[in-house]
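Each step along the sequence shown adds one to the number in our numbering, with nothing skipped, and position 253 is 458.
By construction, these hints were calculated from the structure, which means they are not laboratory data.
Where hints are given, some of them may not hold.
Unchecked claim - Using C-beta positions, here's what the derived DEER-type ranges look like: (1) S340 with E275: 16 to 26 Å; (2) A385 with T224: 46 to 56 Å; (3) R468 with A283: 35 to 45 Å; (4) R282 with A236: 39 to 49 Å; (5) H428 with E391: 42 to 52 Å; (6) R423 with A336: 20 to 30 Å; (7) L315 with R371: 16 to 26 Å; (8) A251 with P312: 43 to 53 Å; (9) V276 with G397: 54 to 64 Å; (10) R371 with E275: 25 to 35 Å; (11) E391 with R282: 48 to 58 Å.
All C-beta atoms in this analysis are idealised placements derived from N, C-alpha and C, irrespective of residue type, glycine included.
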Amino acid sequence: MDIGRLRTLREFADRGSVTAAAAALHCTPSAVSQQLRALQAEVGLALTEPAGRGLRLTDAGRALVARADEVLAALDRAEAELDSYRSAPRGRVRLAVFPSAALLLLPGLLTRFANYEGLEVEVRDIDMTPADVPSLVADFDVVVTHRDEHAAPFDSERLEVVHLLREPLDVALPPGHLLAERDQVEPSELAGEHWISVDVGFPVDDVLHSLAVRTGVRPSVVHRINDFRVTEALVAAGHGIALLPRYTVDIRRVVRRPLAGIRAARQVEAVLRPGAATRPAVAAVLEALRAEAVSAAHNPNP
206 MDIGRLRTLR
216 EFADRGSVTA
226 AAAALHCTPS
236 AVSQQLRALQ
246 AEVGLALTEP
256 AGRGLRLTDA
266 GRALVARADE
276 VLAALDRAEA
286 ELDSYRSAPR
296 GRVRLAVFPS
306 AALLLLPGLL
316 TRFANYEGLE
326 VEVRDIDMTP
336 ADVPSLVADF
346 DVVVTHRDEH
356 AAPFDSERLE
366 VVHLLREPLD
376 VALPPGHLLA
386 ERDQVEPSEL
396 AGEHWISVDV
406 GFPVDDVLHS
416 LAVRTGVRPS
426 VVHRINDFRV
436 TEALVAAGHG
446 IALLPRYTVD
456 IRRVVRRPLA
466 GIRAARQVEA
476 VLRPGAATRP
486 AVAAVLEALR
496 AEAVSAAHNP
506 NP
């Protein structure tokens, strides 16, 4: 089978539409449609079918995408084997990272590569939900993402997932709050509080929702702010309380207290396509991310 057509099929599967696949491949939608039709003729099976105004994969199409991942991963491994003959990792690694992980991991990671000749790390911060990750993996070599630790893991058949750290979520209180003197806070003591959370669907809000399910205490969310630094400022000014990640919260502004009897945390993970980590440059970035994550977990805010 034609490798270019398999790549086109995978881009269509990752992005969900002919138009989006064409944009990623820097060609026209008609060229993508032509490649898909040619691949269908080559295999003798319908790989797509109409769905509304667009197309979707058939069962045969989904099966071929899974095998296409294996074929393209094998090609990546072959390219990586050639790269391994060089003295050091080289090339550009495209890294997507959600904002609070960028705050935690990026300064040290970029410092590690500041004088690293031949390797370029190109970073973009993206406020992502777990549902966004598969399409982001199509555009980036490594995607650093997060999810509620009780949520379902990512699809391991089409994605490679590297654990970086488990980051507990603590209650952030304004200085002078009645509960600020406690070593830990009982969930029942927060029943009457006003909460500041993130948009629905983002991991920290998922954790707050799962806490409500497990404790029976329904939080009253008065503001939804995705920028944790803004949330800290609102909490510090007495406009509510929040769940904030332990290693990135600024304890000069707010009081941080763990929840009693509750494991509330987010999993921070690096997600990439199968075979991508065989590239020495990508492997070097993953190794640096792991090292920065270990440092953050072992040296949290006091």
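So, going through the hints one by one against the coordinates:
1. S340 with E275: 16 to 26 Å: holds, 20 Å
2. A385 with T224: 46 to 56 Å: Roughly 53 Å apart at Cβ, these two residues keep to the hinted range, so it holds.
3. R468 with A283: 35 to 45 Å: holds, 43 Å
4. R282 with A236: 39 to 49 Å: violated, 28 Å
5. H428 with E391: 42 to 52 Å: violated, 23 Å
6. R423 with A336: 20 to 30 Å: holds, 24 Å
7. L315 with R371: 16 to 26 Å: Given a distance of about 24 Å, which is inside 16 to 26 Å, the answer is holds.
8. A251 with P312: 43 to 53 Å: holds, 51 Å
9. V276 with G397: 54 to 64 Å: The hint (54 to 64 Å, Cβ to Cβ) holds, given that V276 and G397 are roughly 58 Å apart.
10. R371 with E275: 25 to 35 Å: The hint (25 to 35 Å, Cβ to Cβ) holds, given that R371 and E275 are roughly 31 Å apart.
11. E391 with R282: 48 to 58 Å: Given a distance of about 52 Å, which is inside 48 to 58 Å, the answer is holds.
Hints 4 and 5, counting from the list given before, are not met by this structure.
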